[in-house]
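Guided by the hints, dock chain B onto chain A, whose structure is given.
Residue-level listing of the chains:
Number of protein chains: 2
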Amino acid sequence: MQVTINISLKEGVLDPEGRAVETSLQSLGFHEARDVRIGKQITLSIEAEDAARAQQRAARMCESLLTNTVIEDYIIEVVEDE
Amino acid sequence: MQVTINISLKEGVLDPEGRAVETSLQSLGFHEARDVRIGKQITLSIEAEDAARAQQRAARMCESLLTNTVIEDYIIEVVEDE
Chain A
168 MQVTINISLK
178 EGVLDPEGRA
188 VETSLQSLGF
198 HEARDVRIGK
208 QITLSIEAED
218 AARAQQRAAR
228 MCESLLTNTV
238 IEDYIIEVVE
248 DE
Chain B
168 MQVTINISLK
178 EGVLDPEGRA
188 VETSLQSLGF
198 HEARDVRIGK
208 QITLSIEAED
218 AARAQQRAAR
228 MCESLLTNTV
238 IEDYIIEVVE
248 DE
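Here the protein sequences line up with chains A and B, keeping their order. Converting from the first sequence to the numbering used here requires adding 167 to each position, the first position being numbered 1. Converting from the second sequence to the numbering used here requires adding 167 to each position, the first position being numbered 1.
Isolated chain A, as found in the complex:
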């Protein structure tokens, strides 16, 4: 199964990288850009019998390695192979 994991900083957690990008965008003339936040998108394939199992394993991976659950949220999307 193809799995996509979107990892973002929790609301309220400062995002200095996002702030730096926002400042750069402004100075390039993109004054309409606001609230820039930068997260990660991890894609991987997981061998599993069904989507529920892949989802469960991906959550385990997030909890044990991929995310820092103190400051980050994650969303898992599973696409079943044809």
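Simulated from the structure, these hints should not be mistaken for laboratory data. Keep in mind that a hint or two might mislead.
Pairs involving identical chains hold if they fit within one copy or between any two copies, as the list cannot separate such chains.
[Said to hold, decoys possible] Taking lysine to aspartate or glutamate pairs in the EDC-like style, the calculated list, with each CA pair at most 16 Å apart, reads:
| hint | residue 1 | residue 2 |
| --- | --- | --- |
| 1 | 207 | 184 |
| 2 | 207 | 182 |
| 3 | 207 | 239 |
| 4 | 177 | 202 |
| 5 | 177 | 239 |
| 6 | 207 | 240 |
| 7 | 177 | 240 |
Same frame as chain A, now just chain B:
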């Protein structure tokens, strides 16, 4: 408008960070994980009259600052405010 930009390495471009994560997952017992690729997800709000204009401005931002178009692809999603 709320805009999400997903940036990923082009196919064929080596992803050492993804490789490192894959090795770590394997050594933690996640032997079903394969083809780990790590990209960025940028969220921002763009003031614009309509979604088409927000999309166009976001593409400009990608081309001039946010992505390295030699090695990266990007996908822009615009969500219209209610």
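Hints, verified against the model:
1. 207 with 184: Classified as both: same-chain Cα gap 12 Å, cross-chain 12 Å, threshold 16 Å.
2. 207 with 182: Intra 13 Å, inter 14 Å, cutoff 16 Å: intra and inter.
3. 207 with 239: So residue 207 and residue 239 pass the 16 Å test inside a copy (10 Å) and across (14 Å) alike.
4. 177 with 202: within (13 Å within a copy, 27 Å between copies)
5. 177 with 239: within (5 Å within a copy, 26 Å between copies)
6. 207 with 240: Both ways: residue 207 and residue 240 sit 11 Å apart in one copy and 15 Å across, limit 16 Å.
7. 177 with 240: Intra 6 Å, inter 26 Å, cutoff 16 Å: intra-copy only.
Of the hints listed earlier, there is not a single one the structure fails to meet.
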